[in-house]
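Those protein sequences? They're chains A and B, same order as listed.
Under the working numbering, read the first sequence as residues 1 to 344, first letter to last.
Under the working numbering, read the second sequence as residues 345 to 784, first letter to last.
Hints were generated in silico from the structure; no laboratory data involved.
Being a predicted model, the structure only gives us computed values, none of them experimental.
Any given hint could be a false lead.
To be verified - Restricting the straight-line Cα-Cα distance to at most 30 Å, the calculated cross-link-like pairs of lysine-lysine (DSS-like) are:
(1) B/K500 / B/K672
(2) A/K257 / A/K183
(3) B/K404 / B/K434
(4) A/K257 / B/K513
(5) B/K500 / B/K513
(6) B/K779 / A/K257
(7) B/K459 / B/K590
(8) B/K434 / B/K500
(9) B/K371 / B/K459
(10) B/K672 / A/K257
(11) B/K590 / A/K257
(12) B/K590 / B/K672
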Amino acid sequence: MSFLKLSASTLAIATISATTAAARDNVQVAGSSTVLPYASIIAEFFGENSDFPTPVVESGGSSAGLKRFCEGVGENTIDIANASRAIRDSEIATCAENGVTDIVEVRIGYDGIVFASDINGAEFAYTPSDWFLALAAELPVDGAMVANPNTSWSEANADLPSQPIIAFIPGTKHGTREVFEEKVLLQGCEDTGAFEAFMAINGGDEDAAESSCMAVRADGLSVDIDGDYTETLARIEADNNGIGVFGLSFYENNTDKLQVATMSDVVPSTESISTGEYPVSRPLYFYIKAQHVGTIPGLQEYASFFVADELAGPDGPLAAYGLVSDPELAATQEAVANLTTMGN
Amino acid sequence: MTDLSASKSGSLLTEDKRTAKRNAAEKRFRAYGLGAILLACLMLVLLLISIVTNGASSFKQTYMAFPVTVSQEEFDAAEGSILKTGAYNKMLQSALMDYLVANDLLGDATEDDVKNMISGEAAADVRRMLLANADVIGTEIDFSLLANGRIDGYFKGRVTRETAALDTKITAAQLDLADRMTEDGSMVTRFNWSFFTNPDASVQRPEAAGLGVAILGSLYMMAVVLCLALPIGVAASIYLEEFAKKNWVTDVIEVNIANLAAVPSIVYGILGLAIFINFAELHQSSPLVGGLVLTLMTLPTIIISTRASLKSIPPSIRDAALGVGASKMQSVFHHVLPLAAPGILTGTIIGLAQALGETAPLLLIGMVAFVKEYPAAYSSELGLFGEASTALPVQIFNWTTRSDPAFVERASGAIITLLIFLLMMNALAIFLRKKFERRW
Chain A
1 MSFLKLSAST LAIATISATT AAARDNVQVA GSSTVLPYAS IIAEFFGENS DFPTPVVESG
61 GSSAGLKRFC EGVGENTIDI ANASRAIRDS EIATCAENGV TDIVEVRIGY DGIVFASDIN
121 GAEFAYTPSD WFLALAAELP VDGAMVANPN TSWSEANADL PSQPIIAFIP GTKHGTREVF
181 EEKVLLQGCE DTGAFEAFMA INGGDEDAAE SSCMAVRADG LSVDIDGDYT ETLARIEADN
241 NGIGVFGLSF YENNTDKLQV ATMSDVVPST ESISTGEYPV SRPLYFYIKA QHVGTIPGLQ
301 EYASFFVADE LAGPDGPLAA YGLVSDPELA ATQEAVANLT TMGN
Chain B
345 MTDLSASKSG SLLTEDKRTA KRNAAEKRFR AYGLGAILLA CLMLVLLLIS IVTNGASSFK
405 QTYMAFPVTV SQEEFDAAEG SILKTGAYNK MLQSALMDYL VANDLLGDAT EDDVKNMISG
465 EAAADVRRML LANADVIGTE IDFSLLANGR IDGYFKGRVT RETAALDTKI TAAQLDLADR
525 MTEDGSMVTR FNWSFFTNPD ASVQRPEAAG LGVAILGSLY MMAVVLCLAL PIGVAASIYL
585 EEFAKKNWVT DVIEVNIANL AAVPSIVYGI LGLAIFINFA ELHQSSPLVG GLVLTLMTLP
645 TIIISTRASL KSIPPSIRDA ALGVGASKMQ SVFHHVLPLA APGILTGTII GLAQALGETA
705 PLLLIGMVAF VKEYPAAYSS ELGLFGEAST ALPVQIFNWT TRSDPAFVER ASGAIITLLI
765 FLLMMNALAI FLRKKFERRW
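If we strip away everything but chain B, and leave its shape as in the complex, we get:
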């Protein structure tokens, strides 16, 4: 008691020892909190800086333009050989050589230097173009073709004079030539649309690699997830929340759903491999299997958020509906569900965003693959979403394992693309919540 009376004595305006201690503790706590946030922000900024500095350059690409004439004889000879694109490549190389000599750009570059300036993809582009327009054979065509990955890297700062001196795949003479061609206007670096539309390319052609197949594959999977997880998840939540009796069975189900949401995603991959591929005999690497696996993974997230938003609707709404003679089902579908829709949508979009960035389960069902053909949404042989494809996160994983350093840039560019998609989805979720949310 003496202690208590002692602390009560003295003015309120002067800080006694215990108050000072409590105030100091509060200040410390605030400092810890601020420190934690600053640390998190710093890490995020570092991550973003490293990704953007590595990857921003993948949105630009170096092209070179020079005239090429393919005669009918050359065309026939090329089409008659085994390695047709190899024959076209030789034509392109000699056309570039002719152009450089005619415009006095060659300098001290050797024939081999000139040959390696052109990307391997260029020959394939030319062949596709000639097959599509047979009437241009024999005439002079101005092609805009991809430059080799190392040359491209020179204009992006990835390849410098110092690294080129050590690098066996590029020579200083080639860089000089690239500089002269830029001055001449026959070599330009411009925005890289094909990064978003091109399919993947092999290790020898990093300059041609794009995200086309991966974006398409991710899109198909998201369509599968949306069409399956949303109706199943919403139906399950409505039943559990509005119709099911509260007893131990529903409790067990509830605990299990919460547990499922925390199961490592690779487990769903193992399950998908066993059920969808080995048992149901769906196709390896197909967006359908990927979508089904991601549906399983996303369901708990959607069920939990849907139940939470159904719970937040006041009972008075249900009571009023029932009071004017609506059936239980009418009260749910006419009143509760529309009011809960913003919350359900938000949960679904966040679940989808999670599924979009998921890699681990896709590794097991064969989506980490080299896929060059655009997957069709439907084919008569393989059914809906049955053609092999990759997905954005596995494409990133795939590119980080390739030997050519240009793929590091591509992988970072793909990460930026994925982050932009995720940001857009999360922004949409916030927008929908802000616009339609009602508070009681």
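One chain only, chain A, in its complex shape:
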């Protein structure tokens, strides 16, 4: 009967195609959604400027990307992991367990994190202390922990407009959250002197004081956004009092809807970030599985193309999109050319 034959033959085809796993000819990349735009710009240029096919770039987050990167060596694993933070020792250990021993770390540049609000709203000039006082779960008052009483920005800092506090900050699955906690909340905590107060309350336990500094209030005035910056933008458009945390490149693409706040009186821009004046920035990386070089065509070529002056340099397309180029790019180029693995 015809469809019995059909089903038998399709099953046969499926099994055959399952067994013919041979060399794939494109580079596979996965990881951070912050690095994704840059990686896709490079992949596009690489595809149209070389004889190699355009690499396939997936997102999914730094941790998820590194997890897949460390799954093992072979054509069925990814060749490059993008990350908005450096690889952790535990991840290197997992990698080594699974046979991924030769990892090349490539720092592509720096990414600024900016605070922006609705274009028609009030202007803000923040310091890290303002954010700590506005978002901390508990504040130290006379040697005791009390729930954060501040509900408007002017209560956190009298110089700020008396606008209700509604903050849209990246959720904990984002690498950006880590930077926000360390460079804004913890900094603010130390600047206001709350850190010492927390230390005193906790009997000198530094870790406990740090986690108190980075604990974010859960009474609805701070909202974790687990989606992308487009979601944060939509939330601000719906609630004009909202202040959101964005990547610099996202803000630069939406300057008709958002106005950016200064941090410690510095306007965020690729210039102020590259000089280090603007405090909230972090390096972006990708990691190459050096064991795949030679097996996967175009892998090393893609990596060296990525960090070439014409692309990752200050006049390249990445800088035009908002990447702050790395002043030590030459060293990175050399590391990619020699495939200098980590730990060597």
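Place chain B on chain A using the hints.
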């Protein structure tokens, strides 16, 4: 009893209290029903309006036409550099500048303004064209090239003079220039065929992004689903319905199939990741894996609808066939199955439509990716449907997360495209049912 006699008294024509109450209850119920339908329609209309107003403009695209001459030296120099398309881009920029000056269109636009009018994709188009036709090098060629996404947005109402004043990526002088070029005829907005054929493009080139790879990927997956789910589903249903003994084992199977139909689709994605990618070592992001996962998801739907249509064939047909000496199998394949075919087809098409719009399981098997190469149906290295691709619903998801506002328009355009595909499939299902359905 007194109550009963009381209600019976009086004329039938005058409404007594209880009748009035019952009538009022019925009127209320009708009002609720009508209200529910109106509410549903209102939501649907709002959804459609928002999608169409956002997305209709993605079916049009702004192009600009001007002559470009690429000399042999320029060609060689460009091909010798690392960023070849960057070199072509510079040639295009100076050619556009020359054209504007020669035709007295420049006005108060600065050199930077002119440079940013052209899409980054234009240089890649020119390079492809020159590599394919080496004989045009050195001659004057009239190119029709993509304009920058912001300029394109100006002709679609997405970018206005007000937003341009605040936007750092576009200047008022560029908009004036665009107006002058439109009058001159060197800038035109026309139907955007490349939206359906182009592959995806990076965040810097929303104007070049298209659904080509996504449509191809969805097509491959639907082919896999059709070739696997239909025969397996029909064979399983025929066996269960016509041959299997009715006992507790078949009951358990039946309950499980009904349950599977209600399992959240992401579960199939997790299963697919574990079985097809990690165990069977099929390729990440490939339409084959996507198709297999969607097959698992669609099977229960097809089995349930096939069994229902087999059940609806009257037993007299089977009895008559058996009566004239047909075997059980002959009675099923010669008589029951052809009569049940319209119902099976309808169920299959609806199952396919469901699979076409499914996103969640595809997220887990790596189909949410930036894929620029058209996937081949067969390659000697990667086998059948083994090359990386995306699919329509994940392409929509992908575009909604991009920073350039032009991608909102593209995503809405892709939703319209997907809705049209779904509408066509459902219309086909209704047509087949109406045409071939038999009632007893």
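Hint check results:
Distance check on the hinted pair: B/K500 and B/K672 sit about 64 Å apart at the alpha-carbon level, beyond 30 Å; violated. Between A/K257 and A/K183, the direct Cα distance comes to roughly 26 Å. Compliance with the 30 Å bound is thereby established for this hinted pair. In summary, the hint linking B/K404 to B/K434 is supported, as the alpha carbons are separated by about 27 Å, within the 30 Å threshold. Taken as a hint, the A/K257 and B/K513 pair is honoured in the structure, with Cα atoms around 13 Å apart against an allowance of 30 Å.
This hinted pair checks out: B/K500 and B/K513 have alpha carbons roughly 17 Å apart, not beyond 30 Å. Our distance criterion of 30 Å between C-alpha atoms is broken by B/K779 and A/K257, whose separation comes to about 53 Å. With a C-alpha separation of about 75 Å, the suggested pair B/K459 and B/K590 falls outside the 30 Å cut-off, and the hint is violated. Distance check on the hinted pair: B/K434 and B/K500 sit about 27 Å apart at the alpha-carbon level, within 30 Å; holds.
Distance check on the hinted pair: B/K371 and B/K459 sit about 68 Å apart at the alpha-carbon level, beyond 30 Å; violated. Under the criterion of a C-alpha separation no larger than 30 Å, the hint pairing B/K672 with A/K257 is inconsistent with the structure, at around 70 Å. With a C-alpha separation of about 65 Å, the suggested pairing of B/K590 with A/K257 is violated against the 30 Å cut-off. Distance hint between B/K590 and B/K672 is fulfilled; the C-alpha atoms sit about 16 Å from each other, no more than 30 Å.
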